[in-house]
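Colleague: One letter stands for each residue in the lines below.
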Amino acid sequence: MSLTRRTTTSLLKPLTTTTSLLTRRPYSTDNSTPITVETSVPFTGHNCDPPSRSITTTPSELMTFFTDMSLMRRMEIAADSLYKSKLIRGFCHLYDGQEAVCIGMESAITKKDCIITAYRDHCIFLGRGGSLLESFAELMGRQDGCSRGKGGSMHFYKKDAGFYGGHGIVGAQVPLGCGLAFAQKYKKDESVTFAMYGDGAANQGQLFEALNMAALWDLPAILVCENNHFIVEGVEFVDVRERDPIERIRKLILAHDLATEKELKDIEKQARKQVDEAIAKAKESPMPDESELFTNVYRKGYGVEVDGMDAFAVKQACKFAKEHALKNGPIILEMDTYRYHGHSMSDPGSTYRTRDEISGVRQERDPIERIRKLILAHDLATEKELKDIEKLARKQVDEAIAKAKESPMPDESELFTNVYRKGYGVESFGADRKELRATLP
Amino acid sequence: MATNLKKLGSILTKQASLVRRLSSSPSLASDGANGKSINLYTAINQALQIALDSDPRSYVFGEDVGFGGVFRCTTGLADQFGKHRVFNTPLCEQGIVGFGIGLAAMGNRAIAEIQFADYIFPAFDQIVNEAAKFRYRSGNEFNCGGLTVRAPYGAVGHGGHYHSQSPEAFFCHVPGIKVVIPRSPKEAKGLLLASIRDPNPVVFFEPKWLYRLAVEEVPEGDYTLPLSQAEVIREGSDITLVGWGAQLAVMEQACIDAEKEGISCELIDLRTLIPWDKETVEASVRKTGRLLISHEAPVTGGFGAEISASIVERCFLRLEAPVARVCGLDTPFPLVFEPFYMPTKNKILDAIKDTVNF
Numbered sequence: 001m002s003l004t005r006r007t008t009t010s011l012l013k014p015l016t017t018t019t020s021l022l023t024r025r026p027y028s029t030d031n032s033t034p035i036t037v038e039t040s041v042p043f044t045g046h047n048c049d050p051p052s053r054s055i056t057t058t059p060s061e062l063m064t065f066f067t068d069m070s071l072m073r074r075m076e077i078a079a080d081s082l083y084k085s086k087l088i089r090g091f092c093h094l095y096d097g098q099e100a101v102c103i104g105m106e107s108a109i110t111k112k113d114c115i116i117t118a119y120r121d122h123c124i125f126l127g128r129g130g131s132l133l134e135s136f137a138e139l140m141g142r143q144d145g146c147s148r149g150k151g152g153s154m155h156f157y158k159k160d161a162g163f164y165g166g167h168g169i170v171g172a173q174v175p176l177g178c179g180l181a182f183a184q185k186y187k188k189d190e191s192v193t194f195a196m197y198g199d200g201a202a203n204q205g206q207l208f209e210a211l212n213m214a215a216l217w218d219l220p221a222i223l224v225c226e227n228n229h230f231i232v233e234g235v236e237f238v239d240v241r242e243r244d245p246i247e248r249i250r251k252l253i254l255a256h257d258l259a260t261e262k263e264l265k266d267i268e269k270q271a272r273k274q275v276d277e278a279i280a281k282a283k284e285s286p287m288p289d290e291s292e293l294f295t296n297v298y299r300k301g302y303g304v305e306v307d308g309m310d311a312f313a314v315k316q317a318c319k320f321a322k323e324h325a326l327k328n329g330p331i332i333l334e335m336d337t338y339r340y341h342g343h344s345m346s347d348p349g350s351t352y353r354t355r356d357e358i359s360g361v362r363q364e365r366d367p368i369e370r371i372r373k374l375i376l377a378h379d380l381a382t383e384k385e386l387k388d389i390e391k392l393a394r395k396q397v398d399e400a401i402a403k404a405k406e407s408p409m410p411d412e413s414e415l416f417t418n419v420y421r422k423g424y425g426v427e428s429f430g431a432d433r434k435e436l437r438a439t440l441p
Numbered sequence: 442m443a444t445n446l447k448k449l450g451s452i453l454t455k456q457a458s459l460v461r462r463l464s465s466s467p468s469l470a471s472d473g474a475n476g477k478s479i480n481l482y483t484a485i486n487q488a489l490q491i492a493l494d495s496d497p498r499s500y501v502f503g504e505d506v507g508f509g510g511v512f513r514c515t516t517g518l519a520d521q522f523g524k525h526r527v528f529n530t531p532l533c534e535q536g537i538v539g540f541g542i543g544l545a546a547m548g549n550r551a552i553a554e555i556q557f558a559d560y561i562f563p564a565f566d567q568i569v570n571e572a573a574k575f576r577y578r579s580g581n582e583f584n585c586g587g588l589t590v591r592a593p594y595g596a597v598g599h600g601g602h603y604h605s606q607s608p609e610a611f612f613c614h615v616p617g618i619k620v621v622i623p624r625s626p627k628e629a630k631g632l633l634l635a636s637i638r639d640p641n642p643v644v645f646f647e648p649k650w651l652y653r654l655a656v657e658e659v660p661e662g663d664y665t666l667p668l669s670q671a672e673v674i675r676e677g678s679d680i681t682l683v684g685w686g687a688q689l690a691v692m693e694q695a696c697i698d699a700e701k702e703g704i705s706c707e708l709i710d711l712r713t714l715i716p717w718d719k720e721t722v723e724a725s726v727r728k729t730g731r732l733l734i735s736h737e738a739p740v741t742g743g744f745g746a747e748i749s750a751s752i753v754e755r756c757f758l759r760l761e762a763p764v765a766r767v768c769g770l771d772t773p774f775p776l777v778f779e780p781f782y783m784p785t786k787n788k789i790l791d792a793i794k795d796t797v798n799f
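For the record, the sequence lines run as chains C and G. Quick note: the first sequence uses the working numbering, first residue 1, plus one each step. Quick note: the second sequence uses the working numbering, first residue 442, plus one each step.
Please keep in mind that the hints were generated in silico from the structure rather than gathered at the bench. All figures in this text were calculated on a predicted structure; none of them were measured in a lab. Each hint should be verified, as a subset may be incorrect.
Said to hold, decoys possible - Below, in silico cross-link-like pairs of lysine-lysine (DSSO-like), each with a Cα-Cα straight-line distance of 30 Å or less:
1) G/LYS524 <-> C/LYS251
2) C/LYS187 <-> C/LYS319
3) G/LYS719 <-> G/LYS794
4) C/LYS159 <-> C/LYS395
5) G/LYS788 <-> C/LYS86
6) C/LYS273 <-> C/LYS262
Stated by the list, open to error - If the Cβ cut is set under 7 Å, some of the chain C residues that face chain G in the computed set are:
7) GLY90
8) GLY141
9) GLY152
10) VAL170
11) GLY200
12) ASN203
13) GLN204
14) MET409
15) LEU415
Claimed, not checked - Beyond 10 Å from chain C on every Cβ pair, some chain G residues (computed):
16) ASN570
17) ALA610
18) ARG653
19) ASP663
20) LYS719
21) GLY730
22) GLU761
Yeah, the Cβ is synthetic: ideal placement off N, Cα and C, and Gly gets one too.
In isolation and in its complexed conformation, chain C is listed as follows (with noise of 0.2 Å):
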């Protein structure tokens, strides 16, 4: 098939001559038929219509997806074998697994959006256009890197791009992401930050305050919780709903005779009854005058659930998300998603979980064999092409990784930069008293 051909070529050449694809779009306009799919499955919304399930797209995005999650899979294949060989140093929290979130994010965005995530934070780094040499370099504290080996693997930033980095402490970046998103909406540049984190910190304090002056001024953020299931080390939580209190004592009426299911059913019919008369009641009440403005701040608790394992479910979920928050304020998109490594390279992931668990998700919500199925289900790559795109992000890593094995470790004077702006003096100590000025470069 020519189109075929053609795609696939005009794909490779360019991989072969950049190191960074996730910037490209080297499709001819014949790619850009539109083809439907359909989410895996339906989103979940609260407070408000969820998205429709189906969405356009083309074959060269398709192809993009693909090869843009095989590159991301295979950097942090690559990384952990780094780190195990101990040039990486510090800590190391992989994403494999998640990189649909980020892919599908990205292509519902403009780089005039930001993002701001925590820890792991490497894909979305080069989702936003950063290179492998500038990853790989700073995770091995290089000075090529993007943080000119100074960050380590938690720290990746990248300006030109919207991306407010990587942050080491749980849920601290997420009110960081209000303070952008404000800044954002002053500038009524028609643009909103994504504020990620994990399902653990989900039970900071600090969330729920960023969310709260989010709804509270309307701001333009999205609070992307990338639920990956495993707090840290896999802290289990009950289901309330199993222990609903008035089940509980439903069932303990009926076991003790003391009523009908029907006699129970009708005091529950009443009691929306009389809620109701109160609703219609409180309807004709006047509304509070804007002093009590910050009395009632969750009337906006908006949200969607997406399979964060499908690239389109989350392109959907985010454009419709971005649309939501610059007319309404604050929403929230839980992303369900899984990460096969462990937590960080100090957990091997497998204590908490089976092995067939973490295969079951491999063989079933795998984010990149979703868009392979559906890269051959229309006819736009050969198995052996879309194999062939793998090799050579695998060729690309390798790469990469030689390259920022050659970048040298920052200077030393680098120690003591960046602690305070230039010129505005900084003073170090040394060994005993004395006293070691800092010459600022």
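Starting from the known structure of chain C, arrange chain G on it as the hints suggest.
Modeller: Chain G in isolation, oriented as in the chain C frame:
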């Protein structure tokens, strides 16, 4: 669960040992007759076990402690005492400490763990404004003396920005809490039990570098070591060295090297940072006429500054040289430059010589 947690601890400490050889702490500790040789995390585990066993109103909680904690300090406690006394909390430091204050205010012993000292800052408000001032502002009607907050602190060789900090000085500025840092397994067990039983809230920092590395004989039974009492762990006549926690092992190496050059160093473990034992340090400086303080935290505003100022006030006429401080640099804790940042043995040795030859 057990394995992966174990791994984290072992990775941290094993790799640490590759980077820097520490003197094994037995030489630092007073003799631990009739005990087993155990490492620091096991000593902490024993102390917690005794605390739970000896007082049915004591509780241990924090992130992942139900599984044994990332450094294995709470291994087996949940099995032995049940999930209602040893339990996991959500990931919320401010909540953990606030909860502990409430629990302690009802007359219980609340032993909270913050996974890394670097993560203690969300709980700073609770510690400074709630825990420390509870007794004072209620005119002694309420207190949270049963509260002990444990947190691993300090460098491990490759921890980077957020797994290496030494935040003790922040807490030393807060009247109403005690700050305790042990140097070895035997010290850790006795000081932790004393902290748990002390009728004041205590912040207890554990040197994570030494969790596996430091091994010494530790008495098996229940014992406490006095708080606010420094210990002279090496006697000398030319200069007094004051430190705490993991840094003492480094300082002792410097003392040994200095001795080879004919300088006799007296080494003091402060053990409790507030309220601290000024008398022991003062008596030593009156003898030697010189003082050197060393800690991992940045030098400016570090607790060394307080010791220096107090001793200058008390011993001004006796001092023969300015007080020396060999500490971390005034930079954030660096990722690749940790060896430059740290107050190493050679830096201390240089400072000893400069001070003695002033």
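Colleague: Hint by hint, say whether it matches the structure.
Modeller: Consistency of the hints with the structure:
{"no.": "1", "hint": "G/LYS524 <-> C/LYS251", "result": "28 Å, holds"}
{"no.": "2", "hint": "C/LYS187 <-> C/LYS319", "result": "20 Å, holds"}
{"no.": "3", "hint": "G/LYS719 <-> G/LYS794", "result": "24 Å, holds"}
{"no.": "4", "hint": "C/LYS159 <-> C/LYS395", "result": "28 Å, holds"}
{"no.": "5", "hint": "G/LYS788 <-> C/LYS86", "result": "27 Å, holds"}
{"no.": "6", "hint": "C/LYS273 <-> C/LYS262", "result": "16 Å, holds"}
{"no.": "7", "hint": "GLY90", "result": "3 Å, holds"}
{"no.": "8", "hint": "GLY141", "result": "4 Å, holds"}
{"no.": "9", "hint": "GLY152", "result": "5 Å, holds"}
{"no.": "10", "hint": "VAL170", "result": "6 Å, holds"}
{"no.": "11", "hint": "GLY200", "result": "5 Å, holds"}
{"no.": "12", "hint": "ASN203", "result": "4 Å, holds"}
{"no.": "13", "hint": "GLN204", "result": "5 Å, holds"}
{"no.": "14", "hint": "MET409", "result": "6 Å, holds"}
{"no.": "15", "hint": "LEU415", "result": "4 Å, holds"}
{"no.": "16", "hint": "ASN570", "result": "15 Å, holds"}
{"no.": "17", "hint": "ALA610", "result": "15 Å, holds"}
{"no.": "18", "hint": "ARG653", "result": "14 Å, holds"}
{"no.": "19", "hint": "ASP663", "result": "31 Å, holds"}
{"no.": "20", "hint": "LYS719", "result": "22 Å, holds"}
{"no.": "21", "hint": "GLY730", "result": "16 Å, holds"}
{"no.": "22", "hint": "GLU761", "result": "14 Å, holds"}
Violated hints: none; the structure is consistent with every hint.
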